[in-house]
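Chains as they are written, first to last, in the numbering used here: chain A, 5 to 98; chain B, 14 to 402.
Among the hints, erroneous ones may be present.
What the hints assert, rightly or not - Partial list, derived from the structure: chain B residues whose beta carbon lies under 8 Å from chain A:
no.	residue
1	Arg-286
2	Leu-309
3	Tyr-310
4	Pro-311
5	Pro-313
6	Val-327
7	Ile-330
8	Thr-369
9	Gln-373
10	Ala-374
Read the hints as simulated data drawn from the structure, not as lab findings. C-beta atoms are modelled at their ideal positions from N, C-alpha and C, and glycine is treated no differently.
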Amino acid sequence: MSSVIVRIPTPLRSFAGGQSEITAEGADVGAVLGAIGADHPELLARIMKDDGQPREFVNIYLGSDNVRTLNGMDTPVSEGDVLSVLPAVAGGAA
Amino acid sequence: MRARDRRLADIRSKVPEVSPREALDLQRSGAALIDVRDAAEVAQGSPGGALRLDRGFLELRIEEAIPDLDRTLVVTCASGQRSLFAADDLRRMGYRDVRSLAGGFNGWKDEGLPFEIPKMLNADARERYSRHLVMPEVGEAGQLKLLESRVLLIGAGGIGSPAALYLAAAGVGTLGIVDHDVVDRSNLQRQILHADERVGVSKVASAREAVLALNPAVNVIEHPLRLESANVEEVFEGYDVVVDGSDNFATRYLVNDACVKHRIPNVHGSVFRFEGQVTVFWPAREGAPGPCYRCLYPEPPPAELAPSCAEAGVLGILPGVVGLLEAVETIKILLGAGDLLVGRLLHYDALSARFTEFRQARNPECRYCADGAEFPGYIDYQEFCALAG
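Here chain B stands alone, though its shape is the one from the complex (with noise of 0.2 Å):
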């Protein structure tokens, strides 16, 4: 006899073989799973609802994965032998009832039990955020679900750009990008999706090089207008999550308003001089709703009251904090990780480098996101300061 089978008729004495019927009966009664082949071979189909933990980590993520030691588990492999090889395994590591699918996936197949091909990440994918697949947090069912994701940024300013390249490089697989303007040179201040080279382009069309530049592979989508009610609603269809980083009240109102109505989570930061604040408006959240813009602000200050254009400006340094913390929660709604700063505003002082977080509570009287609340419609302020953001 071959060390090999000496080695399985041994484990065999101590892990149960189940037939593919038996494996199916278990997991619709809250069995985990689990399917230890490599990439190559899942790619080309695993049973439905499996756990796909590669032999090579299985020891090192089961327990991220199933931390009740008591839990019964079902290992899978092609044949049966690796799944016994893995099933001893865990045994020894201490969970408690541990099986293993004799003919594995081909037999499952056999029998004509429902099998899958998973979406997965290609190669080159992988290679790219491989620092997020090792993260549980993200992993690849994240990553799979950041490249499905659809981004609306207003702005391709001093937000938008830190935002921009960021939720490009995280792998978010479609953004789409609102401005009007063209990129002006004192804009390269903080505006870092802009070059030098672009002064004069198209903002949108800059910042899709600088994108593409860092990541060939999501679909920028531009928008070259000035958003207002009657392009609102076109624009903002199909998108997941908005991240408001646009420099003036009649924009910012608007976004709110169609946010409101769509029930899109809008994230929202703002700049002047050295003061950020950030926040997350979602008053269609489930479970958990939050208030809107006009629930902090039920109206824009007249142009009187409002701070002086002379007056404005920013350092170039700040809406690159708030872009970036805009984009950290934005990474969150879609993975649906975390605590959102929801309900909380976000101040960020960086001349006396202090971050203070104030409770913000739904307004239930709110015109627009009040349980019940008829949808107002959409007002276009008068625009009467861009302020330097």
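Only chain A is shown next, with the shape it has when bound in the complex (with noise of 0.2 Å):
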């Protein structure tokens, strides 16, 4: 089990009490947002889909690599690892 730092994007805050980062346990990037899950139910729900996998809008960083590049969800972490949550945002103009 290592203690990793979760980033939690702007957008996704109000599922996650406000909080701009998290940290939680885990063995690997699927662990730990199921650790977070278990507190923030409707913060998994827009990081993962029902099968355990990243949503096509979001992406999931280890450091600077996307996780999709390494072993996806079953990534593993080590202690004081930093995991970045990123949505698509679309804001731009308007």
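Got two chains here, separate frames each, mind docking them using the hints?
Spelled out as structure tokens, the structure:
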């Protein structure tokens, strides 16, 4: 089990009690997000599909690497790693 | 003997002179032909492929242009005298093989050798872009490239405003601006192209006014329309770079798909409250192709999972930062300078004052940009919420 910092993007903070970072434990990416989901199920639902895979409009980065290019949700994490969640955002002009 | 002639005789004993024909042969075998005449003379014609370095700046700039002291240099002026003085200076700077073209450009022309009328900046442009001209990364050649460039801005809003103004100021020759909307007072918190007195005016017309006030030489093309699959191809025709500052997923996917299809670099930026994302999507980039928007996010979120309209909002300055980062990437693309944000997503969190860079590889199975993928067609996604950007 490693303690990992998960950065929550602004559009999802209302589902994380307003927090911008959450520290959680787990052996891999899926486990860390699952641990967060226990306290914040709505947040998890916006990041992951029912099958446990990240949604098409959300990317999860371990450090600077997209976990899709690593081992997906099974990518192992180490103590002190940072996971960043980045959803697609459309804003610009309006 | 006059002092000048004594000096020239002395230089001739150290600097070999070559005939126009010999100069051409040397140039063809790799020597640099350097025309040291001033801009007004060069504007009348200059040997083909010559490096044009005004005598006044020769010593200051030669090393940036020709770092190799062993390269053969042939210096030319109008008649072959200034070139001797210049060649002697280059020799003393350490260039080991410097020659002077006897008879200068006049002799060159008389021999019927190839010359060109170089494209040059006029006096107004020379003054306006003087801070660019002194930088080796831009210079006159780069500035001319910018003047011949065509950039299409998607949205004359929070992101498009600073991008349009700075690209116009930088001398991008043609700016196309797509926006179907009119200026609303609530836009003015961030959309600095517009002005209080233009509330109610079409955004592209308002943008034109602001751009031309800053740089009257810019060719502004107004596209007062909403981008759709039916018009996207016609609108994108002829542009070198697209700068996406749109405010909804439907437009962003359309912009991506058209850029992929037509091999146009897509400079992408988006904002939400205090956060921005910037990257360059360019699967057709030669040598180092990058991902497209769909590699990053294959499909837009459904309405129920997108940030709600009620939550939307943005720090007015944030799209300014993002729009300027997009403008910088655009200029780099046009100049072919530096390392682009291709395959790299830059995330800016203004509240924590943190820039984070994420690597983004191409998706080898991307439906739109994978090698050999057949274009699947445009999709008009339903527009469910225009986030205030």
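Verification of the hints:
Proximity of B/Arg-286 to chain A holds as hinted, the smallest CB-CB distance being about 5 Å (cut-off 8 Å). The closest approach between the C-beta of B/Leu-309 and any C-beta of chain A is roughly 7 Å, which is under the 8 Å cut-off, so the hint is satisfied. Because the smallest distance between the Cβ of B/Tyr-310 and any Cβ of chain A comes to about 4 Å, under 8 Å, the interface hint for this residue holds. With 8 Å as the threshold, the beta carbon of B/Pro-311 comes within range of chain A, its nearest partner Cβ sitting at about 5 Å, so the hint holds.
This hint holds: B/Pro-313 has a C-beta 6 Å from the nearest C-beta of chain A, less than the 8 Å allowed. Taken as an interface hint, B/Val-327 checks out: its beta carbon lies about 6 Å from the nearest beta carbon of chain A, inside 8 Å. Interface hint status for B/Ile-330: violated, as the beta-carbon distance to the closest one in chain A is roughly 14 Å, over 8 Å. A hinted interface residue such as B/Thr-369 counts as satisfied when its beta carbon comes closer than 8 Å to some beta carbon of chain A; here the least separation is about 7 Å, so the hint holds.
At about 6 Å, the closest approach between the beta carbon of B/Gln-373 and any beta carbon in chain A falls short of 8 Å, and the interface hint on this residue holds. Against a cut-off of 8 Å between C-beta atoms, the interface hint on B/Ala-374 holds, since the closest Cβ of chain A lies about 5 Å away.
Consistency note: the structure conflicts with earlier hint 7 alone.
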